[in-house]
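Letter by letter, the chains look like this.
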Amino acid sequence: MRSSALLAAALLALVALLPLSGDAYWLRLGTTMLMYGVLAMSWNFIGGMAGYPSFASAAFFGLGAYAGAVAQKFGVPMGLAWVCAGGAALAFAALLGLALLRLRGHYFAIASLVVAEVLRELVNSATDLTGGGMGLNLPVPHDATVASQAQFFFYSMLGLAAITFTAMLLTTHSKLGFGLRCIQQNEAAADMLGVNTTLYKVAAFMLSGAFAGAAGALYASWVHYIEPPDVFDVLYSIKAIVMVLLGGAGSVFGPLFGAAIFLSLEELVWRNYLQVHTGVLGLMIVLLVLFLPKGVFARAVPRTRKKP
Amino acid sequence: MLSLQIFANGLVLGGLYACIAAGFSLVWGVLNIINILHGSFIVLGGYLAYYAYAKLGIHPFLSILIAAPLFFALGYALQRALINRMIAAPVLLTLSLTFGLDLMLSNGMLFAFTADFKKLTLDPPLGVLSLSGIVLPVDRLFAMLLALGLTGLLYLVLSRSRIGRAIVAVRMDREAAALMGVNVKRIYAVTFGVGALMAGASGPLLAMIFPISPLSGPAYLGKAFVICVLGGLGSVPGAMIGGLALGVVESFGGLWFGPEHAVTLSFTLLILMLLFRPTGLLGRAGYS
Amino acid sequence: MRPVSIRSIAAAVLAAAGVLLAAGAAAQGVIRIGAPLPLTGPLSPEAQKLQNGMNLWAETANKAGGVKVGAKRMKVEIVYVDYQSNTPRAVQATEKLITQDKVDFLFSPFGSGAAKAASSVSEKYEMPTIAATASSEQVYDQGYKYLFGVYTPNQTLTEPLADLVQKQAAGVQRVAILARNDLFPLAIAQEMEKSAKKRNMNVLYFEKYAIGTLDHASALSQIKALAPHWIFATGYINDLILIKKQMGDLGIEAPVVTMVAGPAYKEFVSALGKGAENVSSAAWWHPAVRYQSKDVFGSTENFNKLFRDKYGLDPDYGEASSAVSGVVLQLAIEAAGTLDRKAVREALAKMNTMTFFGPIKFGPTGQVNSLDPPVFQVQKGKQVVILPTAIKQGSLQLGVK
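Chains as they are written, first to last, in this note's numbering: chain D, 1 to 308; chain W, 1001 to 1288; chain F, 2001 to 2401.
Since the hints were made in silico from the structure, they are not lab data.
Please note that the accuracy of each hint is not assured.
[As the list claims (entries may be wrong)] Computed footprint of chain D on chain W; a stretch qualifies when at least three of its residues, placed anywhere within it, have a C-beta under 8 Å from a C-beta of chain D:
no. : stretch
1   : 1023-1036
2   : 1042-1055
3   : 1096-1103
4   : 1107-1120
5   : 1251-1263
6   : 1267-1278
[Claimed, not checked] Cβ-to-Cβ under 7 Å is the rule here; a few derived chain D residues that face chain F:
no. : residue
7   : A24
8   : Y25
9   : R28
10  : N124
11  : G133
12  : G135
13  : V140
14  : V146
15  : V223
16  : H224
17  : Y225
18  : E227
[As the list claims (entries may be wrong)] Simulated DEER-style distance windows between Cβ atoms:
no. : chain 1 : residue 1 : chain 2 : residue 2 : range
19  : W       : G1133     : D       : T127      : 28 to 38 Å
20  : F       : G2363     : W       : L1062     : 52 to 62 Å
21  : D       : P139      : F       : K2197     : 27 to 37 Å
22  : W       : M1001     : F       : K2382     : 54 to 64 Å
23  : F       : G2143     : W       : S1132     : 54 to 64 Å
24  : F       : K2198     : D       : V76       : 28 to 38 Å
Even for Gly, the Cβ is constructed at its ideal location relative to N, Cα and C.
Please construct the entire structure, taking both the sequences and the accompanying hints into account.
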């Protein structure tokens, strides 16, 4: 825990110093990494801590993106729109969680995967509200320079990442975190011991949704134009999972490390291996799952495996 | 009669869907693995048929016979080499594994075949069949019959042959089957091989009807999910019923809600089934 | 499973960072133009066409000695970056080209959606950007000054067509429209609806199908039941091939069937055979047009010839539009006499000249408004131009099976 805290501090320092480089592209990379970090941490609530294989990150991200974008379309100022989007995602996660968290294992995974598809098509058909297949424009602040805009979004994403991290830290050391760990080890036993499993699971799902949704809203304001296939992309769910696996599921710093490593690799591959980047991502996933399922910083204490 | 035409469309489509899902359902039911590669196997089988027809003039119906053993071998080898290591692992890891493998395969196909949609057009075309106001394209009809035939064959193999019954035994109770002397590891590999075989064999059938591209894999996979949940895991009759049901639901859904909602409808159905009747229409309990 | 040491991970991350720092340096004496294209993913066939056109222009310009910049001549180099058919990546690629690769000018990504998204970036950096394939007016509605598009707005395709049908196919009253739920196909379908309603035609059916739809039987059965006179379908080539094939399967016949944008491509005709007969379409250019120009190609015929020599087939409008993007940029640079971006931007805004593609003059939003898009029809397996009358090769034939 000591060494990972040190490494985290070093990483944070590096990241916080990015704006000094003055290069908008680097800031873009940094902002993306922070966004990935938020997605990974948000998944960690439900996937890492509670042990439910959720593929719903894309659904929350997309929902947040559209909620924020539509709010801004109606004149809501940016920051408030982000908060509203987070709230919308929170509410949606609550409802969805109540419905889906009764399912286990594969069934839960598939249902959560499919939610993104359904949401995408719903958004696609609501052409008058969301622009449907034609996408949605967000207002571009005309008086800001490239540099100031890049910095603004970088710091906003940094802020969101900090909030998410704090939430994760607090949860881990709280009764909720303890309850989630019990649920992950053996839900039936936890239930018998008096842990309100439904409440805790739904709470974890809600946290997962809120932060992913806020990230989506921030993203939409950042890129100024969104289309349903871009934000409801199942790859967001996959990447969130891969990042947490890379860094070590359930740990506090794991998701952030995973996000950093993943982004570096992704950028490296994109620049150098034009044709095969998805294949390389696939290879990475396969190697990770086969050889490093506990993450690159493998934990000394193995978690109990679920019995098939 | 529009409704009758829509119903007929749905049945024809459904027959094809049944074939897509049967192998997938079997693998899920027996190995408790969701094989994300299934969609890409179908596409690969389609490409096999396309090139066999374009370069060698081999009719797609014959390509099925070529594809079957090839894909069985591929599936068997894949299972033995990689997937077997993850047999008892949590859902997250097995799903991620097959997902990663699928990314590699579809990228490979994209690289090899490019993203242009390829259309296998039969020359001379098979024409249409007109029955009391309902029009049915003959190629679809044949493909549907073959698909149902293939699925039926699978059912027969499962219920009559020794290895088939061993597969069913493992599906019902793995420990008991092992105690009965069944080599469970081998059965896993065989089942996965059979799943791949069904996928690869349905490829040529689908290629005759739909354009092929490395990116159409996920669409087929999505249908397979829904059909498995509708029909119950590991059950071939279930896959047939689920497939036909899905075909009809999609057809009428397109009519009532507009074509853009057809897929949404099937996924909503999936979620509803999972919530209220996860054992499927036939009520066969599967692994959760 | 031995845990991988933290040290090695840190090393890997640092190495990655090191590689990232080694960004490309600009070459001297060469005009570098960035081209983010979907080289992989579902749109890669389109990227191929754009590359063909751009490369032909670059080669032809360089062979003629290069672009005249004031007193000297400079060669051109196109810097391609792949954005994997993914719009957010297109935006990232655009920024990378501007800030890391330090290109002098930009071509837009493919299609209206990505072009629109990327234009926010190029506008921020005041980088003149030419959009080869963005036709929807929504792309140009943000008040940007540095974006210029060589496709005329969608209604310039539907209006002449609707006029022609109204005049030459009297009695066409009932219209059915099936559109792909995507920026361009949906936008042009909406324009078609407007054009039809303007002429008092009855739009009985207007539905969208989801991207990636494999089966249109449901929608087409409904259309059949409505017995329309004019069926208008939009999508990309694979969608349209499938739709037309299923129309044939279901025995749908109508006096006029129009599809955008499949029939322009040879693949459409070869995949459908007789099924493509009498299907009409409109596009922004056709190799049959004839213009004499002062650009590096000199005339449409010469462009066609050079294209055929290099690639072995006739160009279609996607390939021509990417080539003319280069031509337009070259003309602007030569008019401005400098590579200064503001000056080139002014030259683009003032441009009023003839190219092999047609007369180019940009409207106030940056979209070209001077072209006369051809309407054509597949007759006996060949694409025959039926509008504008000046270059007409045949007349509208009615009856599609």
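Worksheet item: Any of the earlier hints contradicted here, and which numbers?
Response: Hint check: 2 and 22 fail, others pass.
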